[in-house]
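*Asks:* Given the sequences, and given the hints that come with them, work out the whole structure.
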Amino acid sequence: MSALPNIVTATAVEKHYGGVAALKRVDIRIPEGSVYGLIGPNGAGKSTMFDILCGITKPTAGTVKVLGMDVAALPAHTVASKGVGRTFQRTAMFSESTVEENLLFASFSATRHNLFHRILRSRVWRADMDAFREKSADVLAICGLSEHRHQLASALPYGTQRRLAVALTLMTDPKIIFLDEPVAGMNETETADFIALMRRISVGRTIVIVEHDMAAIGALCDEVTVMVDGRAIVTDTPHNALKHPEVVRAYLGAEDE
Amino acid sequence: MTSTSSQALKLQGTGRAGSLGKGVLIVLAAGLILFVGLGLQSTFWLNLAAYTCGFALFALSVNIMLGGVGEVPLGQSMFFGIGAYAPAVMINNFGLPFEFGVLVGMVIAAAAATLIGGVTLRLTGAYFAIVSWGMSGVAMVTVHNIEFTGGALGLFGFSRLAVGPFDLSHPRTYFFVTSIILLLVLILLAHIRSSRFGHALESIRQSRHLAQSLGVNVFRERLKAFVLSAPIAALAGSLCLPFTQIVTPESMSVLRSVDALLAVLIGGTGLLYGPVIGSIIFTVVPQFLNFDANVKVLVFSLLIILIMMVAPGGLHQLIKAAGAALRCMSESRR
Amino acid sequence: MDLFVQTIINGLILGAGYALVAVGLTVIFGTLHIVNFAHGAFFALGAYAVLMLQNLGLNYLVAVPFAVLAVATVGYLVEITIVRRALYDRGEYGSIIITFALAQAIVAATILIMGPDPLPVRSPFGQTAISLFGFFLSAQRVFIAATSVVVLAAFAWWLKYTVRGQQILAVSQNPKGALYSGINVPLIRSLSFVLGVAAAGLAGMLLAPLISAFPTMGDANVIVAFTVVILGGLGSISGAMLGALVIGLSNAFFETYVSVSWTSALGWVLVILVLLFWPQGLMGRTQINRH
Numbered sequence: 001m002s003a004l005p006n007i008v009t010a011t012a013v014e015k016h017y018g019g020v021a022a023l024k025r026v027d028i029r030i031p032e033g034s035v036y037g038l039i040g041p042n043g044a045g046k047s048t049m050f051d052i053l054c055g056i057t058k059p060t061a062g063t064v065k066v067l068g069m070d071v072a073a074l075p076a077h078t079v080a081s082k083g084v085g086r087t088f089q090r091t092a093m094f095s096e097s098t099v100e101e102n103l104l105f106a107s108f109s110a111t112r113h114n115l116f117h118r119i120l121r122s123r124v125w126r127a128d129m130d131a132f133r134e135k136s137a138d139v140l141a142i143c144g145l146s147e148h149r150h151q152l153a154s155a156l157p158y159g160t161q162r163r164l165a166v167a168l169t170l171m172t173d174p175k176i177i178f179l180d181e182p183v184a185g186m187n188e189t190e191t192a193d194f195i196a197l198m199r200r201i202s203v204g205r206t207i208v209i210v211e212h213d214m215a216a217i218g219a220l221c222d223e224v225t226v227m228v229d230g231r232a233i234v235t236d237t238p239h240n241a242l243k244h245p246e247v248v249r250a251y252l253g254a255e256d257e
Numbered sequence: 001m002t003s004t005s006s007q008a009l010k011l012q013g014t015g016r017a018g019s020l021g022k023g024v025l026i027v028l029a030a031g032l033i034l035f036v037g038l039g040l041q042s043t044f045w046l047n048l049a050a051y052t053c054g055f056a057l058f059a060l061s062v063n064i065m066l067g068g069v070g071e072v073p074l075g076q077s078m079f080f081g082i083g084a085y086a087p088a089v090m091i092n093n094f095g096l097p098f099e100f101g102v103l104v105g106m107v108i109a110a111a112a113a114t115l116i117g118g119v120t121l122r123l124t125g126a127y128f129a130i131v132s133w134g135m136s137g138v139a140m141v142t143v144h145n146i147e148f149t150g151g152a153l154g155l156f157g158f159s160r161l162a163v164g165p166f167d168l169s170h171p172r173t174y175f176f177v178t179s180i181i182l183l184l185v186l187i188l189l190a191h192i193r194s195s196r197f198g199h200a201l202e203s204i205r206q207s208r209h210l211a212q213s214l215g216v217n218v219f220r221e222r223l224k225a226f227v228l229s230a231p232i233a234a235l236a237g238s239l240c241l242p243f244t245q246i247v248t249p250e251s252m253s254v255l256r257s258v259d260a261l262l263a264v265l266i267g268g269t270g271l272l273y274g275p276v277i278g279s280i281i282f283t284v285v286p287q288f289l290n291f292d293a294n295v296k297v298l299v300f301s302l303l304i305i306l307i308m309m310v311a312p313g314g315l316h317q318l319i320k321a322a323g324a325a326l327r328c329m330s331e332s333r334r
Numbered sequence: 001m002d003l004f005v006q007t008i009i010n011g012l013i014l015g016a017g018y019a020l021v022a023v024g025l026t027v028i029f030g031t032l033h034i035v036n037f038a039h040g041a042f043f044a045l046g047a048y049a050v051l052m053l054q055n056l057g058l059n060y061l062v063a064v065p066f067a068v069l070a071v072a073t074v075g076y077l078v079e080i081t082i083v084r085r086a087l088y089d090r091g092e093y094g095s096i097i098i099t100f101a102l103a104q105a106i107v108a109a110t111i112l113i114m115g116p117d118p119l120p121v122r123s124p125f126g127q128t129a130i131s132l133f134g135f136f137l138s139a140q141r142v143f144i145a146a147t148s149v150v151v152l153a154a155f156a157w158w159l160k161y162t163v164r165g166q167q168i169l170a171v172s173q174n175p176k177g178a179l180y181s182g183i184n185v186p187l188i189r190s191l192s193f194v195l196g197v198a199a200a201g202l203a204g205m206l207l208a209p210l211i212s213a214f215p216t217m218g219d220a221n222v223i224v225a226f227t228v229v230i231l232g233g234l235g236s237i238s239g240a241m242l243g244a245l246v247i248g249l250s251n252a253f254f255e256t257y258v259s260v261s262w263t264s265a266l267g268w269v270l271v272i273l274v275l276l277f278w279p280q281g282l283m284g285r286t287q288i289n290r291h
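Residue numbers (this note's numbering), protein chains in the order written: chain P, 1 to 257; chain U, 1 to 334; chain S, 1 to 291.
There could be a bad hint or two in this list.
Here are some chain S residues pointing at chain U (derived, C-beta under 10 angstroms) [unchecked claim]:
no., residue
1, Ile-82
2, Val-107
3, Ile-111
4, Leu-112
5, Pro-116
6, Gly-267
7, Val-269
8, Leu-270
9, Ile-272
Simulated from the structure, these hints should not be mistaken for laboratory data.
Think of the CB as a built atom: it goes at the ideal place given N, C-alpha and C, for glycine as much as any other residue.
*Replies:* And the structure:
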């Protein structure tokens, strides 16, 4: 394992739905600053595990600590304001608004002023506005969205929309970002662009990805955990993990069905 | 398609062009008020115009929830009723002045909204609508059964309805007072809409889930919106009192909320002054049609259904669509 | 003690009546995912349908099945014009407003056509009371309970053992999956809506001889229906039946031991309490729209 401290520790996590055990005593350690992947065939429980790591779902047993916090116990907005960023597959952006407005919405937790500050145009308000201007310019540049600044989010091509989703979490200054199948549905160019984006934002941050796309995983991840049938089979570099006999069997077996 | 239009308008408020535009609008509105207030001669129409302003306030409060938060506030009539009952009770039972009653009504409404919202705003969609409806139902039964509020007959025969030196029994004064209050509230809401709080609400309306994951305390912001809407509804109830001259348990009925919903839907939920336009149509048009009460309900209900099916964005959406269609036509001609 | 047992019997019978309305609402919610605020209006339509058939000379018992057909037809027309085009998959508040407005429109139309006053509906059971172990049961009430039980049992059997019934269950549990299996989802949705409102109409015509037909008769019932359905767990049919019993009993006890004039408020208070403290219901499945 790595010598860096663990930013995420999941211990003996179990999840039962009715009589079905979706997760069976899973342990995960994610070192700070790494790019970490969660992979596995369909139905392996990786999405469930991912939701539990983010704090969206509560485990039936076991504990999960992210940045030292018990994320399942805290309300979602508190988790987000303490540096945990997430992107979702479906509700990725505010589709009725422009890119800039999207970023403005995302800057809520970073700003402090209230109505009075604004009406009086006080120092607090001006500081917030300047900070937003700077930050949004940075984020737009990093995500390659600068020329789309005033476009309606729903009018953007799919790959660009997914980059907007990343831009939104970046506005909250996250220390760790969870990405739910980020390159799903993207074509080759979009995927390549996105991988480049991931590389840029992984500097100084921890990234956790759950994905099917092995090329992306291989290109980005320092470590992956392969999940099969609710269990964590192996944790290693992508190259080694995919050669593990049980993993090979699981994937080939899945393809047979 | 570049759609900077009304979406970008929301971000305004920081630029100098925005302030100028708003200043012009205010001047226009003030001009309109003067025009109507000095131009109308019939007491009936002046009173109706004043009532329309009061009703528009109620429609605005409903739209804070509908267009702002994204919930159907079937029980908003409860706050309207509180605003109507408070001054009535103060005047008839305690001999206290109207203005005092209005303030009391607004405070009670805000307090009630805090308590009620605290529990009900964790719900959404049909659940919230049902509970909201239920609250107004309970309130209605309560005022119906209590002597203090006049029981089934309600309260009427008010000695003096006035705001300071302005006597609301004079139609012209009544109109000026209500229209100016309406304008002030509109200005306040405009500021709120383009404020950080307003943006938070908009983000919640578009996607609660996403807003939450970006650090917005959805529950707290929704509660703030609810507590903001309640005293506005109460103020509306108070200002409608000089027109109706009576307050009954029916003032709290869910049907009042539905009236306001129709006004909001006609005008368009996306536009700040949409509810005002809808209220004008809602109160003025029936005057010319002289319908039986039930025919009015039937027509309006069918109208709501039609609007929701064809143009849920109300007049605002229709106008935008017409504008887009005209642009298409002129472009294809080249 | 006698009063206690009598109250229980009243409660059970009330519950049987509520169950019909509640199951109808549940089926509609389960397959269409809308809360049908117009449900009470169809309840009233049922009563008026049987009344009009009676005025044409038909005996009550003969009129009931035809009246059910009439309500079903109206439901079908509403479904294809309004519901289908405007409601499905519309996530926001559209369905709430539309069904609510629909209810108002139906009530207003009823007032205009039939007048606002209550009109009596005759039934062969009239005022007769049956004596059972020393307790008196109104014959009409027994008829209501018996019909309700039979209809619900038949419906439960139909859901489980016929193709169409299973298709309805499939669509309510997994609409996309059902679509992929080749089930005609729009047809099933129409069918569910029609069945749901027909159930409400049936309840209305069963209760009409007791409470007379009046335009707003659906309002009080729809509140109870909401409570029942939410208590039972929105989408769960067995939950709706169980909830109906619970609410029926509590209403009966409240009326007997507490007060009658505040009973309408009780309905609302119960809905609010249930929504706040048992949103998933007694047998609830999904927590749609709760948070």
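*Asks:* All hints, please: hold or fail.
*Replies:* So, going through the hints one by one against the coordinates:
1. Ile-82: holds, 6 angstroms
2. Val-107: Where the cut-off is 10 angstroms and the nearest Cβ of chain U is about 8 angstroms from S:Val-107, the hint holds.
3. Ile-111: holds, 5 angstroms
4. Leu-112: holds, 5 angstroms
5. Pro-116: Since chain U brings a Cβ to about 8 angstroms from S:Pro-116, closer than 10 angstroms, the hint holds.
6. Gly-267: holds, 8 angstroms
7. Val-269: With Cβ-Cβ at 6 angstroms, under 10 angstroms, it holds.
8. Leu-270: Nearest chain U Cβ about 9 angstroms off; hint holds.
9. Ile-272: Where the cut-off is 10 angstroms and the nearest Cβ of chain U is about 5 angstroms from S:Ile-272, the hint holds.
Violated hints for the displayed structure: none, as all numbered hints are satisfied.
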